[in-house]
Amino acid sequence: MNKKGVISRIYPLTKLVVVLIIALTAIIWGDYQFGYFIVVPLLIFLAFLEGKFVSYTKKMIGAMIIMCTFIFIIKGLFDPSDQILWNFAFISVKKAGIESALRLTSIIFALGGSILLFFETTDLEDLMIALQKMGMSHVSTFIFLSTLQMIPQFAQKSKVIMQAQRARGIETEGNILIRIKAFFPTLTPLIISSISDIEDKVVTMEARAFSVEVKKTYMQILDIKLLDYIIIFSSLILFVIFLVWRYLI
Amino acid sequence: MMKKLGMVTILLIPICIAINFVGGQIVTVLKLPLYLDVIGTILAAALTGPIGGAIVGLVTNLILGITNPVLIPFALVNVAVGVVAGLAAQRGGFKTIKGTAITSIAIWAIVQITAVPMTVILFGGVAGGGASVITGFFLAAGKGIWEAVFSQSIIVETVDKIISTFIAYFIIKRIGASTLLKFSLGPKYVDEATE
Chain A
1 MNKKGVISRI YPLTKLVVVL IIALTAIIWG DYQFGYFIVV PLLIFLAFLE
51 GKFVSYTKKM IGAMIIMCTF IFIIKGLFDP SDQILWNFAF ISVKKAGIES
101 ALRLTSIIFA LGGSILLFFE TTDLEDLMIA LQKMGMSHVS TFIFLSTLQM
151 IPQFAQKSKV IMQAQRARGI ETEGNILIRI KAFFPTLTPL IISSISDIED
201 KVVTMEARAF SVEVKKTYMQ ILDIKLLDYI IIFSSLILFV IFLVWRYLI
Chain B
1001 MMKKLGMVTI LLIPICIAIN FVGGQIVTVL KLPLYLDVIG TILAAALTGP
1051 IGGAIVGLVT NLILGITNPV LIPFALVNVA VGVVAGLAAQ RGGFKTIKGT
1101 AITSIAIWAI VQITAVPMTV ILFGGVAGGG ASVITGFFLA AGKGIWEAVF
1151 SQSIIVETVD KIISTFIAYF IIKRIGASTL LKFSLGPKYV DEATE
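Taken in order, these protein sequences are the chains called A and B. 1 is the number of the first residue of the first sequence in the working numbering; add one for each residue after it. 1001 is the number of the first residue of the second sequence in the working numbering; add one for each residue after it.
Mixed in with the good hints there might be a few duds.
Stated by the list, open to error - From the structure, some residues in chain B lie toward chain A, with a derived Cβ separation under 8 Å:
| hint | residue |
| --- | --- |
| 1 | V1022 |
| 2 | N1068 |
| 3 | P1069 |
| 4 | I1134 |
| 5 | T1135 |
| 6 | I1167 |
| 7 | F1170 |
Since the hints were made in silico from the structure, they are not lab data. Note that CB positions come from ideal geometry on N, CA and C, so glycine has one too.
Construct the entire structure; sequences and hints are all you get.
What follows is the structure in structure tokens.
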């Protein structure tokens, strides 16, 4: 618990507000220079403060670079406009296409980057406690958290099942038809066994009064501090000033 | 809305979301040129109806979005798949092979209707890695952006969604009657099995 970085210690919803404001500002501004030269460096700087510089930039690039490259290729080469920026042999890069690709990718980077930063610096359990305190049903938070637990379990189990089926003689390599046929025997035992487990889980959960309509208690203590209110209000005020400046002046 | 879901449905939802994930992973291990990442959504819809399917679709893409935020808008496609599959299931869409075939066409259609505009409007026609090469191919052949994305989507999604629906159908057939009866739409499939 004490190993958290500077940003991780802030209340989850405070971060959510700040991150949404950063992303909204980038969208409303609409200028790619703002997205690429102010928002993205700001996000990376915040990740650096948290001590997650390497893992954050890696994730950001990994999630968005392929998509953005294709946006540049498709918009740049196939824009219907006439103004040509460069010409190589039979390929001509269109100016309007590159400009719209820059705008689009800067928004994707700003929005996606903000969301990534939020999850990179937020413990999901903390987020769920915060959401639940705001009135979200404990069923929703349960679904979310138990899914996160279940995915790696399933991945592990499916490997075991695939090995067992291979030992039994099911081919997992060869032509495409053989490989498609291997899909079904891998997935079915996994699904059937986990669906049959549901009943035991229902009993367990009801033994702890899961569906009883009372106020729930928490294992962890998570409180909004004065600093959180200050951050929320100051960023909201800055955002309003920005809106006024953008649309009224 | 959440309060009305039965305990069994609540516990089925995380399983089905995990199925969506694992389906995609098994496809990678077997090196198949498919996605097969909505089987869980379809299964939840078939067993519990449109609401269960929609929740599975939504949460799947929200969780995918934690590591790849670009996928969050595509939650709409996944939710639409859940709703359509659920409505079909309420009308017996997963009871027979014929019904399943019709359901699979409905699911395929809703994917085209939701995914194509989203890809064109939000991402300028780009929908992640490999499929974009096909879009580029059609654009180079002189087609417009809508036509190119639509052709790409038909090529990539058709086989995928039909196989996914049929996998869900065959899985339901394998689930024992005593387990099936616990789900809200379960009795539909049990009557058929005893006949």
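Consistency of the hints with the structure:
1. Taken as an interface hint, V1022/B checks out: its beta carbon lies about 5 Å from the nearest beta carbon of chain A, inside 8 Å.
2. Interface hint status for N1068/B: upheld, as the beta-carbon distance to the closest one in chain A is roughly 4 Å, under 8 Å.
3. Hint status for P1069/B relative to chain A: holds, with the closest Cβ pair at about 4 Å, below 8 Å.
4. Evaluation of the I1134/B hint against chain A yields a violated restraint, the C-beta minimum of about 11 Å exceeding 8 Å.
5. Residue-level restraint check for T1135/B holds (minimum Cβ-Cβ distance to chain A is 7 Å; threshold 8 Å).
6. This hint holds: I1167/B has a C-beta 6 Å from the nearest C-beta of chain A, less than the 8 Å allowed.
7. For F1170/B, the interface hint holds, since its Cβ comes within 8 Å of a Cβ in chain A; the closest pair sits about 7 Å apart.
In the structure shown, a violation is registered for the earlier hint numbered 4 alone.
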